[in-house]
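There are 2 protein chains.
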Amino acid sequence: EIVQVVAELLAGPKPLAGKRVLITAGGTIERLDPVRYITNDSSGKMGFALAEEARALGAEVTVVWARTELAPPPVAEVVRVESAQEMYDAVMARLPAMDVVVKAAAVADYRPVQREKVKMKKGPDKLTLELVRNPDILQAIGDWKHEGGGAGANKPYVIGFAAETGDVEGYALDKLRRKRCDLIAANDVSEPGAGFGTDTNILRLFGAEGLVESLPLQSKREAAGRIWRIALARAPGLRAVDGEAGAPRA
Amino acid sequence: EIVQVVAELLAGPKPLAGKRVLITAGGTIERLDPVRYITNDSSGKMGFALAEEARALGAEVTVVWARTELAPPPVAEVVRVESAQEMYDAVMARLPAMDVVVKAAAVADYRPVQREKVKMKKGPDKLTLELVRNPDILQAIGDWKHEGGGAGANKPYVIGFAAETGDVEGYALDKLRRKRCDLIAANDVSEPGAGFGTDTNILRLFGAEGLVESLPLQSKREAAGRIWRIALARAPGLRAVDGEAGAPRA
Numbered sequence: 164e165i166v167q168v169v170a171e172l173l174a175g176p177k178p179l180a181g182k183r184v185l186i187t188a189g190g191t192i193e194r195l196d197p198v199r200y201i202t203n204d205s206s207g208k209m210g211f212a213l214a215e216e217a218r219a220l221g222a223e224v225t226v227v228w229a230r231t232e233l234a235p236p237p238v239a240e241v242v243r244v245e246s247a248q249e250m251y252d253a254v255m256a257r258l259p260a261m262d263v264v265v266k267a268a269a270v271a272d273y274r275p276v277q278r279e280k281v282k283m284k285k286g287p288d289k290l291t292l293e294l295v296r297n298p299d300i301l302q303a304i305g306d307w308k309h310e311g312g313g314a315g316a317n318k319p320y321v322i323g324f325a326a327e328t329g330d331v332e333g334y335a336l337d338k339l340r341r342k343r344c345d346l347i348a349a350n351d352v353s354e355p356g357a358g359f360g361t362d363t364n365i366l367r368l369f370g371a372e373g374l375v376e377s378l379p380l381q382s383k384r385e386a387a388g389r390i391w392r393i394a395l396a397r398a399p400g401l402r403a404v405d406g407e408a409g410a411p412r413a
Numbered sequence: 164e165i166v167q168v169v170a171e172l173l174a175g176p177k178p179l180a181g182k183r184v185l186i187t188a189g190g191t192i193e194r195l196d197p198v199r200y201i202t203n204d205s206s207g208k209m210g211f212a213l214a215e216e217a218r219a220l221g222a223e224v225t226v227v228w229a230r231t232e233l234a235p236p237p238v239a240e241v242v243r244v245e246s247a248q249e250m251y252d253a254v255m256a257r258l259p260a261m262d263v264v265v266k267a268a269a270v271a272d273y274r275p276v277q278r279e280k281v282k283m284k285k286g287p288d289k290l291t292l293e294l295v296r297n298p299d300i301l302q303a304i305g306d307w308k309h310e311g312g313g314a315g316a317n318k319p320y321v322i323g324f325a326a327e328t329g330d331v332e333g334y335a336l337d338k339l340r341r342k343r344c345d346l347i348a349a350n351d352v353s354e355p356g357a358g359f360g361t362d363t364n365i366l367r368l369f370g371a372e373g374l375v376e377s378l379p380l381q382s383k384r385e386a387a388g389r390i391w392r393i394a395l396a397r398a399p400g401l402r403a404v405d406g407e408a409g410a411p412r413a
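These protein sequences, in sequence, are chains A and B. Residue 361 in this note's numbering sits at position 198 of the first sequence; the count goes up by one each step and never skips. Residue 236 in this note's numbering sits at position 73 of the second sequence; the count goes up by one each step and never skips.
Any given hint could be a false lead.
Repeated chains share a single entry, so a pair holds when one copy, or any two copies, can fit it.
Unchecked claim - Heads up, simulated PhoX-like pairs for lysine-lysine below, C-alpha to C-alpha not over 25 Å straight-line: (1) K338 x K280; (2) K342 x K282; (3) K280 x K177; (4) K342 x K284.
Hints in this document: simulated from the structure, not taken from any laboratory.
Work out the full structure, taking the sequences as your base and the hints as a guide.
Dropping the structure here:
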């Protein structure tokens, strides 16, 4: 009997068994020419931690990843992309099959209007770069879920991120409402231990009603586990039926 | 006697013993705001390979590095920088002490005029980014050597790189003459196996007289070894005196 209890403790529950989870991770790359690009400080660590935890909880995980510091974990499907447009295409094509979508990638808001075919040579002292808005992936997911193809189909639970400086709560709640997410995980990237690239994070989770929970400074893996537990508590439909839960770890 | 020969073969000659070598590596980061930046595909591998080979040949090596895929090798001094301006400052401050300078970093030609203090929010559909020229580090080294502080002092041997697409030879020779380098290692980054990020390179070395040698497709470490042998052959003053050569590997 003790052996059985220990085995169950080691295996852990599988509340996401049979559920399909799509997670975006990393920073997109918007090219100016064959060698130069605009990107950001995202390391991919938070998205990958969420992917590992979801897999440990039994989910079938797809990771759509752009530039990261590390390689993605060995989940069911990994899709490598570079630009915001490529990430948008990869996500939207897979959306109808998903039970949960987590948008942890840092997606460039703008891309260069023109992408030069050959490496640009040094020119004048000043240069003007024309940028144009990229598609807003989180907005597109929310709109699809509430109005578009998702209206009569699968309605995925949508978790967004808000990496901010300044009025984090204001931005996060505004973002959640505009983009129609179910949950927003917000951090102040100017706070030590909460920034891009670190192994830790300090997250505050917001739902439509306001603050859900303030997580302490903890590893991204621990934060990821807490996010899944909160999502499961708030979306009972996500929880696997009893027969699937508790299956041994693959 | 056989043991001694084998030991010498293993240790290898130390023709750069006592020489001070500065190598820049990686791609500079030019920030738009606290999380976004412009960079390039440089992995730092070529610069780090040159640093490792120089160290193996007995040199006292300083590496000034910006964003790279790997950490720098354990040379005498490593200086982490981010922007072109920071790299310029780190290099120029150390220049008078150096016997050789290798500029393997991919330095941004331009930086944003303005660097926002807080993360920029999404705004209009189109955006214009004003850029301004960065200091030209290789030009500054050549000018210093021939005209400035270097006129009466140490005159380092200067090796530049030219990562080009298109007319590689034309660009490389023009660059060598304008920037007054001693040697330019040029590659066509659109050629498979010769681009940024790869473990191999296909380099052509140019001196003031034209093509010096075309290196085959080979590992960056092998290419680095060949570059040092060619530099030593072309600059006899670089070669350590007999008493220093052949010292055992540290």
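Consistency of the hints with the structure:
Taking CA atoms no more than 25 Å apart as the test, K338 paired with K280 passes between copies only; the shortest distance there is 21 Å, against 36 Å inside one copy. For a Cα distance limit of 25 Å, the shortest separation of K342 from K282 across copies, 19 Å, qualifies, whereas the shortest one inside one copy, 37 Å, does not. Taking identical chains as interchangeable, the C-alpha atoms of K280 and K177 are never at most 25 Å apart, the minima being 49 Å within one chain and 44 Å between chains. For a Cα distance limit of 25 Å, the shortest separation of K342 from K284 across copies, 15 Å, qualifies, whereas the shortest one inside one copy, 40 Å, does not.
Consistency note: the structure conflicts with earlier hint 3 alone.
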